[in-house]
Amino acid sequence: MFAVQPIEELKVECLSSSLRRLEVLVYSAQGSLLWKIREVPTSRVLYYTKLRAALRLWLEWQSVDGSKIIMKREPSLLRQCYDILRYTGEHLWTIKPKRIFGFKNWEIKNGLGKVVGQLKFENPLIIGSQVGHIQDVRGRTISEIRWPALGVFSSHPKGEILIFSEPDKFRLVSIGASLVRLCTFQQR
Numbered sequence: 005m006f007a008v009q010p011i012e013e014l015k016v017e018c019l020s021s022s023l024r025r026l027e028v029l030v031y032s033a034q035g036s037l038l039w040k041i042r043e044v045p046t047s048r049v050l051y052y053t054k055l056r057a058a059l060r061l062w063l064e065w066q067s068v069d070g071s072k073i074i075m076k077r078e079p080s081l082l083r084q085c086y087d088i089l090r091y092t093g094e095h096l097w098t099i100k101p102k103r104i105f106g107f108k109n110w111e112i113k114n115g116l117g118k119v120v121g122q123l124k125f126e127n128p129l130i131i132g133s134q135v136g137h138i139q140d141v142r143g144r145t146i147s148e149i150r151w152p153a154l155g156v157f158s159s160h161p162k163g164e165i166l167i168f169s170e171p172d173k174f175r176l177v178s179i180g181a182s183l184v185r186l187c188t189f190q191q192r
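Quick note on the numbering used here: the sequence shown kicks off at 5 and runs consecutively.
If you're looking for bench data, these hints aren't it; they were derived computationally from the structure. All figures in this text were calculated on a predicted structure; none of them were measured in a lab. Idealized CB from N, CA, C, for every residue including glycine. Be aware that one or more of the hints could be misleading.
Label pairs and their calculated CB-CB ranges [as the list claims (entries may be wrong)]: (1) VAL8 - PRO79: 33 to 41 angstroms; (2) ALA58 - LYS102: 15 to 23 angstroms; (3) LYS108 - PRO152: 17 to 25 angstroms; (4) LYS108 - GLY35: 30 to 38 angstroms; (5) LYS108 - ARG144: 13 to 21 angstroms; (6) VAL141 - LEU19: 33 to 41 angstroms.
Hey, can you work out the whole structure from these sequences and the hints?
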């Protein structure tokens, strides 16, 4: 059996510790910057507590070509649903857990609300290496997200995304899935 080569590789670098506003850079495999992602401040009162994972999260993505994307999560204790939208408000993707308090299996919906795939993480815990797979409804792997294992107190600052199918279509949801896991690590 032979290994399938990815069509596109992306590198993800987290520049912030878990107690600072999230800042992430996304690079191509050649090292050129593609996206700058930063957290937009929403609440100050509970931000430095573990309850911030239940607060509203607003991430602004700035592309090097000037386009903007928003990734948002509404406040919720039970089920954290992440929406990826154009800056104009056009809905692109939704990533939400299949179960209440679910962190291992996520459902992926397109902008029309149709389920187009799922995100599965091999390790449901936040300690250790993290590998996630985005699969279409037939079970074919579209992309793979990897965050290497670091120390117990680290925030997994560098990860990678391997896209195996239609990179223009699935690039944004793959980056979004990587950010979902990063937010889980850092209890955002």
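These are the hints, each one checked on the structure:
1. Remark: the range hint 33 to 41 angstroms for VAL8 to PRO79 is upheld by a beta-carbon distance near 40 angstroms.
2. Between ALA58 and LYS102 the C-beta distance comes to about 19 angstroms, which sits within the given range of 15 to 23 angstroms.
3. The given range of 17 to 25 angstroms is respected by LYS108 and PRO152, whose C-beta atoms sit roughly 19 angstroms from each other.
4. At about 32 angstroms, the beta-carbon gap between LYS108 and GLY35 stays in the expected band of 30 to 38 angstroms.
5. Checked against the given bound of 13 to 21 angstroms, the beta carbons of LYS108 and ARG144, roughly 20 angstroms apart, stay inside it.
6. Hint check: VAL141 to LEU19, Cβ distance near 35 angstroms, so the stated range 33 to 41 angstroms holds.
Checked against the numbered hints given earlier, this structure breaks none of them.
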